[in-house]
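Participant: Sequence:
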Amino acid sequence: MTHTLSLRTRIGAVALAGALLAALAVVYTVRATDRNEPTARASNVTIDNTRGLYIRTAGGTVSALDGRRLKETGLTCRRFYASGSSAVCLTTRPGIPPRSEAVVLDRKLHPKRTVTFGGTPNRARVSPSGRMVSWTVFVSGDSYAGNAFSTRSGILDTRTGYLIKNVETLQLTLGKKRYSASDLNYWGITFARDDNRFYATLSTRGKTYLVEGDLNAWTARTLRENVECPSLSPDGTRLAYKKRVREGTSSPWQLHVLDLKTLRDTPLAETRSVDDQAAWLDNRTVAYALPGRTRGSSDVWSVPADGSGEPVRMARDASSPSMNPG
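Residue numbers (numbering that gives the first Met the number 0): 0 to 325.
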């Protein structure tokens, strides 16, 4: 009898401890979620009144770079991009399992819609008008350098509210034949000015391709191999992208620019490996992030888009560049 009571007592204590831990976990998750709100504090910096380069600083805050001065927006994001009438802030939420959110923002940088999904935020883009918003997350693995990763890309039409959570359902033409496979991965979406045509990277069977997509027809076709993280120029004639030029290393890429009319390829003067989706500052210059001085940090650099010149550092301890021309 004493042994039975002792066993029940121990079981009760374990159950109570488990309940307390669960309660603490809930409290922690709620508080951590509150700390990760994308609009943490008020700011008079908006895409309506502040033109120029927007960057994510070392602490995760988003700021506008005005000459040498940083103007904080009050946002905290894992990835940020602004264009036209909208911006998108990718954030992560703790929990079991953790989740991510794409917070779509208006001209005043106020949230107007939030999309929740699994995975780790990686890429974000907004169309020139601000209507179309896209994001890419890693759902397994955490690097494009190897083959052991999986991505998921989504698109939101902010005008109609239509949400595509996974673009892998596109009717794909590879070469001249319809193609489907279980290992399709899309990432790095970039939009044309018509809010219908887009470009992205497709990966299948160990190869990467540049695809041109048509949202209205819900189709995509491959244009050429070995193109990753494309970024369409403001005039819509060229794509900046990272090209795999060194196999079997952890730093395999070099930035290139592809002329869409001639398909002529130009390597840029940045010879270091850039694992980023470049952003056009204007029709002559692209910006991108590279590892910084300390482990886990990065700096934002720029380089001419015609292969001339040399890289110039624009901001230390920064990433996720996007240009708001005003």
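In case anyone wonders, no lab produced these hints; they're calculated from the structure. These figures come from a predicted structure and were not determined experimentally. There may be inaccurate statements among the hints.
Unchecked claim - In silico PhoX-like pairs for lysine-lysine, Cα to Cα no more than 20 Å straight-line:
(1) Lys111 / Lys175
(2) Lys206 / Lys175
(3) Lys107 / Lys70
As the list claims (entries may be wrong) - Computed Cβ-Cβ distance ranges for the label pairs, DEER-style:
(4) Arg192 / Thr293: 33 to 43 Å
(5) Thr115 / Arg263: 15 to 25 Å
(6) Pro266 / His109: 37 to 47 Å
(7) Glu224 / Arg158: 26 to 36 Å
(8) Arg294 / Arg158: 23 to 33 Å
(9) Ser128 / Arg283: 14 to 24 Å
(10) Ser179 / Glu224: 16 to 26 Å
(11) Lys206 / Gly235: 20 to 30 Å
(12) Leu162 / Asp182: 37 to 47 Å
(13) Lys107 / Gly247: 46 to 56 Å
(14) Glu224 / Ala268: 15 to 25 Å
(15) Trp217 / Arg67: 43 to 53 Å
(16) Asp47 / Glu224: 20 to 30 Å
Backbone N, C-alpha and C define an ideal beta-carbon position, used for all residues, glycine too.
Participant: Give a verdict on every hint.
Facilitator: Hint by hint, here is what the structure shows:
1. Lys111 / Lys175: 41 Å, violated
2. Lys206 / Lys175: 17 Å, holds
3. Lys107 / Lys70: The given pair, whose Cα atoms are some 15 Å apart, holds under the 20 Å limit.
4. Arg192 / Thr293: 33 to 43 Å: 39 Å, holds
5. Thr115 / Arg263: 15 to 25 Å: 42 Å, violated
6. Pro266 / His109: 37 to 47 Å: 41 Å, holds
7. Glu224 / Arg158: 26 to 36 Å: 34 Å, holds
8. Arg294 / Arg158: 23 to 33 Å: Check failed, 42 Å falls outside 23 to 33 Å.
9. Ser128 / Arg283: 14 to 24 Å: 22 Å, holds
10. Ser179 / Glu224: 16 to 26 Å: For Ser179 and Glu224 the Cβ distance comes to about 18 Å; the hint holds.
11. Lys206 / Gly235: 20 to 30 Å: 26 Å, holds
12. Leu162 / Asp182: 37 to 47 Å: 24 Å, violated
13. Lys107 / Gly247: 46 to 56 Å: 48 Å, holds
14. Glu224 / Ala268: 15 to 25 Å: 24 Å, holds
15. Trp217 / Arg67: 43 to 53 Å: 46 Å, holds
16. Asp47 / Glu224: 20 to 30 Å: At 41 Å between Cβs, range violated.
Violated hints, in rising order: 1, 5, 8, 12, 16; the structure is consistent with all others.
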